[in-house]
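**Q** Sequence:
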Amino acid sequence: MFRFVAIQVKDDGTVAAAGDSDGGGDTPATMPPIPRDQQTDAGVGVKVAISPSASGGLTIHIRTKIETWWSFIEAAVIQVGDQMLEVRGREEGEEARYWVNGLEGDENVANDTNLAVMQDALANNLKGFKIIHKKVSKKQQAFRINLNNQGDSVSIRTFKDWVSVNLHVNPKAHNFDGVSGGMMGAYPSGAMLMRNGATIASDPNEFGNEWQVRADEPMLFHDRAGPQHLEKCIMPTAEKTSEERQRGRLGETLITEDDAELACARVSPNSFKQCVFDVLATNDKDMAGAY
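Sequential numbering of the sequence shown, starting at 1, is according to UniProt numbering.
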């Protein structure tokens with residue numbers, strides 16, 4: 001999941017605390033998340049979530065992975081200026097991992113000197129800059145980078161092997177008005193703009209392929225994995241999609257839609273349908289904890 005989120009600004013100009021900025025809760029989006037039937041399956045590949053030309057120096061790349069007939073973000077990297085923070089969801093038997101400028105971070109984040117150096121380097125150039133980390137549980141971690149003193153920030157959260165990226169925007173500051181480069185879509189309309197900045201994609205998968213990281217663009221991840229441009233992102237086949245949806249998982253008790261709705265009962269209306277879909281797709285009620 002990746003999206004713009006509107007932060008709440010009080011009448012006196014101060015910024016109200018964002019509910020999911022430290023790994024819990026949900027905040028109102030300036031636009032609702034794209035409905036699941038309008039979303040790209042993403043497949044396997046590296047995509048531009050937001051480009052530096054659109055956001056004044058902030059770049060976000062995501063790496064996606066197929067799981068049967070759907071896909072999810074398994075890793076994301078944020079670049080601010082020349083500083084990079086990469087986060088990957090946990091693998092079997094491990095916790096989530098992260099890298100600072102290509103160097104793997106300390107499991108005890110508080111002791112990570114590389115993260116401290118990154119914070120100091122950016123603090124010299126960005127007023128109000130701060131990196132915040134919270135280990136919510138063994139399943140969930142959260143990083144947040146404050147981009148300025150106006151409340152704009154970007155967060156990466158992990159839940160099991162899933163990763164989500166939220167760009168928290170102060171609508172009164174107008175710092176992201178007109179941003180349109182990447183899979184986050186145009187702000188605040190959410191339009192699926194192609195790279196030319198004018199054409200609106202009619203097909204979500206076409207939109208996803210349009211924003212595959214190209215060969216002439218920097219590779220921000222510390223390693224290469226999956227298809228690289230000029231190779232196309234790998235997509236689930238329509239036949240496999242239909243078969244998997246109807247067949248479910250052999251030997252498992254399938255979660256019903258009622259079960260999924262109950263698991264997602266505490267989730268905000270903006271994210272409820274997406275939560276239900278994810279619980280049903282993974283056949284895992286715990287996935288509601290990602291919202």
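Be careful, since some hints might not be right.
[Unchecked claim] DSBU-like mimics (lysine-lysine), calculated; alpha carbons at most 35 Å apart, straight line:
#, residue 1, residue 2
1, LYS135, LYS273
2, LYS65, LYS134
3, LYS273, LYS65
[What the hints assert, rightly or not] Quick list of the computed label-pair ranges, beta carbon to beta carbon:
#, residue 1, residue 2, range
4, ASP223, ASP259, 35 to 41 Å
5, ALA215, LEU103, 21 to 27 Å
6, GLU107, THR253, 32 to 38 Å
No lab work stands behind these hints, which were simulated from the structure alone.
From a predicted model like this one, the values you see are computed outputs, not experimental measurements.
Beta carbons are placed, not taken as given, at the ideal position from N, Cα and C, and that holds for glycine.
**Q** Hint by hint, say whether it matches the structure.
**A** Consistency of the hints with the structure:
For the hint linking LYS135 to LYS273, the alpha-carbon distance of about 27 Å falls within 35 Å, and the restraint holds. Distance hint between LYS65 and LYS134 is fulfilled; the C-alpha atoms sit about 25 Å from each other, no more than 35 Å. Pair hint LYS273 plus LYS65 holds up; C-alpha atoms about 21 Å apart against a cutoff of 35 Å. Between ASP223 and ASP259 the beta carbons are some 38 Å apart, a value that agrees with the proposed interval 35 to 41 Å.
A hinted range of 21 to 27 Å for the beta carbons of ALA215 and LEU103 is consistent with their spacing of about 25 Å. Hint check: GLU107 to THR253, Cβ distance near 35 Å, so the stated range 32 to 38 Å holds.
No hint from the list above goes unmet by this structure.
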